[in-house]
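> Produce the complete structure using the sequences and hints provided.
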Amino acid sequence: METLDLARLQFALTAGGHFVFVALTLGLATLIALVQTRAVLTGSAVHERMTRFWGRLYVVNYAMGIVTGLVMEFQLGMAWKGLSHVAGNVFGASLAMETIVAFFVESTFLGLWIFGWDRLNRWVHLAVFWVVALTAYASAYWVLVANGFMQNPVGAELSGGVLKLTDAAAVLANPAALTAFGHVMAASLVTAGFFLAGVSAYHLRRGTAEREFFRRSLRIGVFTGLPALAAVVAFGEMSFGTLQPLKGAAFDGTAADVARLQADAVAAFGPGDYVPPLGLVRGSGMAMLGLFSVMALVSLVSVVLALFPRAVLGLRAWHVLLVASVPLPFAAVLAGWVFREAGRQPWVVYGVLTTEEALSDLPPGLLVFSLTAFTVLFAVLLAVNGWLLARTARRGPDPAGSPGAPDAAPDLPSGSGAPVPAALF
Amino acid sequence: MEIALLAFFTAGYFVLSGADFGIGMLLPYLGRSPGERGRVLDAITPFFLTNEVWLVAAVGFFIGAFPTLEGELLTGHYAAFTVLLLGWVARDAGIWLRGRVDRAAWRTGCEAAVVAGSWAVALSWGFVLAGSAGAPPPLLAAAVVALAALFAVHGLALAALRLSGGPRERARRPFAAAGGRTAHAPTPGRTAYAPAPGRTAYALTSGGMVLVCLAAGSRLPLAENLADPATLALLTPATLVLTPLLVASQIWLWRVLGPVRAG
Chain Z
1 METLDLARLQ FALTAGGHFV FVALTLGLAT LIALVQTRAV LTGSAVHERM TRFWGRLYVV
61 NYAMGIVTGL VMEFQLGMAW KGLSHVAGNV FGASLAMETI VAFFVESTFL GLWIFGWDRL
121 NRWVHLAVFW VVALTAYASA YWVLVANGFM QNPVGAELSG GVLKLTDAAA VLANPAALTA
181 FGHVMAASLV TAGFFLAGVS AYHLRRGTAE REFFRRSLRI GVFTGLPALA AVVAFGEMSF
241 GTLQPLKGAA FDGTAADVAR LQADAVAAFG PGDYVPPLGL VRGSGMAMLG LFSVMALVSL
301 VSVVLALFPR AVLGLRAWHV LLVASVPLPF AAVLAGWVFR EAGRQPWVVY GVLTTEEALS
361 DLPPGLLVFS LTAFTVLFAV LLAVNGWLLA RTARRGPDPA GSPGAPDAAP DLPSGSGAPV
421 PAALF
Chain R
1 MEIALLAFFT AGYFVLSGAD FGIGMLLPYL GRSPGERGRV LDAITPFFLT NEVWLVAAVG
61 FFIGAFPTLE GELLTGHYAA FTVLLLGWVA RDAGIWLRGR VDRAAWRTGC EAAVVAGSWA
121 VALSWGFVLA GSAGAPPPLL AAAVVALAAL FAVHGLALAA LRLSGGPRER ARRPFAAAGG
181 RTAHAPTPGR TAYAPAPGRT AYALTSGGMV LVCLAAGSRL PLAENLADPA TLALLTPATL
241 VLTPLLVASQ IWLWRVLGPV RAG
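From first to last, the protein sequence lines stand for chains Z and R. Numbering-wise, the first sequence is residues 1 to 425 according to the working numbering. Numbering-wise, the second sequence is residues 1 to 263 according to the working numbering.
A portion of the hints provided could be inaccurate.
What the hints assert, rightly or not - Where chain Z lies over chain R, by a calculated footprint (3+ residues, C-beta under 8 Å):
| hint | stretch |
| --- | --- |
| 1 | 69-75 |
| 2 | 85-95 |
| 3 | 115-122 |
| 4 | 137-149 |
| 5 | 236-242 |
| 6 | 250-256 |
Said to hold, decoys possible - A short, non-exhaustive set of chain Z residues, derived as facing chain R with CB atoms under 7 Å:
| hint | residue |
| --- | --- |
| 7 | Phe104 |
| 8 | Thr108 |
| 9 | Pro363 |
| 10 | Pro364 |
| 11 | Leu366 |
| 12 | Val368 |
Simulated from the structure, these hints should not be mistaken for lab results. Computed from a predicted structure; not experimentally measured. Beta carbons are placed, not taken as given, at the ideal position from N, Cα and C, and that holds for glycine.
In structure tokens:
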């Protein structure tokens, strides 16, 4: 493989790995914030325990999102310096805002939330989690402003080989960013909804003693999933309106459409091959739509069944279906992401800079080294994290009447050498 | 102003996170038993995430305000940054995962990841900082060693402030030796500590970290590589307004965590 392929593969693996965790984190943040709000408003014990249990899964997942995110932030400069050279004035500034406005605050407030359970006033503690959730949205927004600019560079002018910002409002309100933001937020709610429903169904099928706890959680998941899917499709439709012509043709056009648009692109941008990888674009697009249909079917059935308390508690075939459906949204967001990013090729910033031009001048051996090392490290971490997430989910909430350890952070691993009570983790 | 902001975030990272890495490097020295090592890690666990976000912010501001230079610097030190990231991720994973499985082999593996990761990060920073300051090979090697030592001493200074018992005594010992005083051997029935280096040592090692950042940064062509004025007209004021809020949120966290003392 050439350096370009290696660098693209490395970025794809990092970004893809990051995105699956982020999809769950974003959606879970919303649901946890709502459940905690209810717990604080009504003083409901079961909602407080739900906040703690789903919050613990949130924290396990958040850790993986961070480490993959770190590698992504650095990789932009390390392997794709052309991107910061040419588009840094727009692209770089939105990433800067992401780190300063969003990620910094999100992490600090998450620390406050994790360690603040028994130290902060419960209203303050609730407000702290809302800050975490809102800054997570802000983070997604700024990242999609950067990505939207790569898809559809507006509000900037090329002068002397460098893009200069001319209209910040156009960049911030870029339709390619806003529709993607809505689409991703809705998809993350679908992911979290299916996750809640699936984990709850697992416990209900096994005849858990926590029937009230998981009955409520399952219903939250199911009743989130369906409207979120509707929002996914609505924003998805709008996103199709912002597709680059060749991405659209690669997805559902004829060979003649592709050839005609290729000729148009040559006329506009000079000689070159402007056709994205057809099989990948078409395959990922079909996978996204196919998975959507399956999820819509599961959701429709589930919403009806969730109206019957006896089905919620005892319809084991449905429980199996819900457990089996947990991976579907993850596969769908990955497919959607491949569709969006592979379909933009050969451009990194559409019509301005190709992926090849953006590549740093690096010897292939160096990339083989970093690609191998990151792949091995992330594969191990993904496996460990998936296992931990499943184990934490299987173990269920702490028994009622033991609201976390009094003086330890319930959700962060204690490094204490003393044996750790299993219930804490 | 952009240079000052970049320096602020970078120095904040080296002071706050640098001590976490120093403690990680010296974990086998500070903690002699699994229990002690657990208490040492307890002392940094609540803070390490909110300390390392300073670098995320620094790199974010770097790419926003000095995009061309960011690309050049990261590409120019590709190998060092790769090792740095690998070490950083391994260190973080070790801290996140250590307490999640109650098995001795698991904890030992996680501790090994913390130690190896911390060393990898400290040594890579030496290559990046001294390399970008244009040091020739012999000087580069000396600078890498010196910076790793600074990380370690800075970690000891924090450990001496925050730990207790045996780990604290071991953290204080090198300072006492450097001060020309001998550490007292603990006598049975009475815990004797070496004289407390306390806050002065931590302030000094923090100052050292800041100086290293400023020295390396002063060799970078920052002023020549500023982003376009139209971008900075938005980015810089926004960052200036937000920075006090970021600092305030971290101070709040430290106050909430105040009672968390290991040991």
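> All hints are to be evaluated individually against the structure, with a verdict given for each.
A quick look at each hint next to the structure:
1. 69-75: holds (count 6)
2. 85-95: That given contact holds, which follows from 8 residues of the stretch 85-95 of chain R lying within Cβ reach (below 8 Å) of chain Z.
3. 115-122: Answer violated; 0 residues pass the 8 Å Cβ test.
4. 137-149: It is violated: at least three residues are needed, and the stretch 137-149 of chain R offers just 0 whose Cβ sits closer than 8 Å to chain Z.
5. 236-242: holds (count 3)
6. 250-256: holds (count 4)
7. Phe104: Cβ of Phe104 of chain Z sits 5 Å from chain R, so the hint holds.
8. Thr108: With Cβ-Cβ at 5 Å, under 7 Å, it holds.
9. Pro363: 9 Å, violated
10. Pro364: 12 Å, violated
11. Leu366: Constraint on Leu366 of chain Z satisfied, holds at 6 Å.
12. Val368: 11 Å, violated
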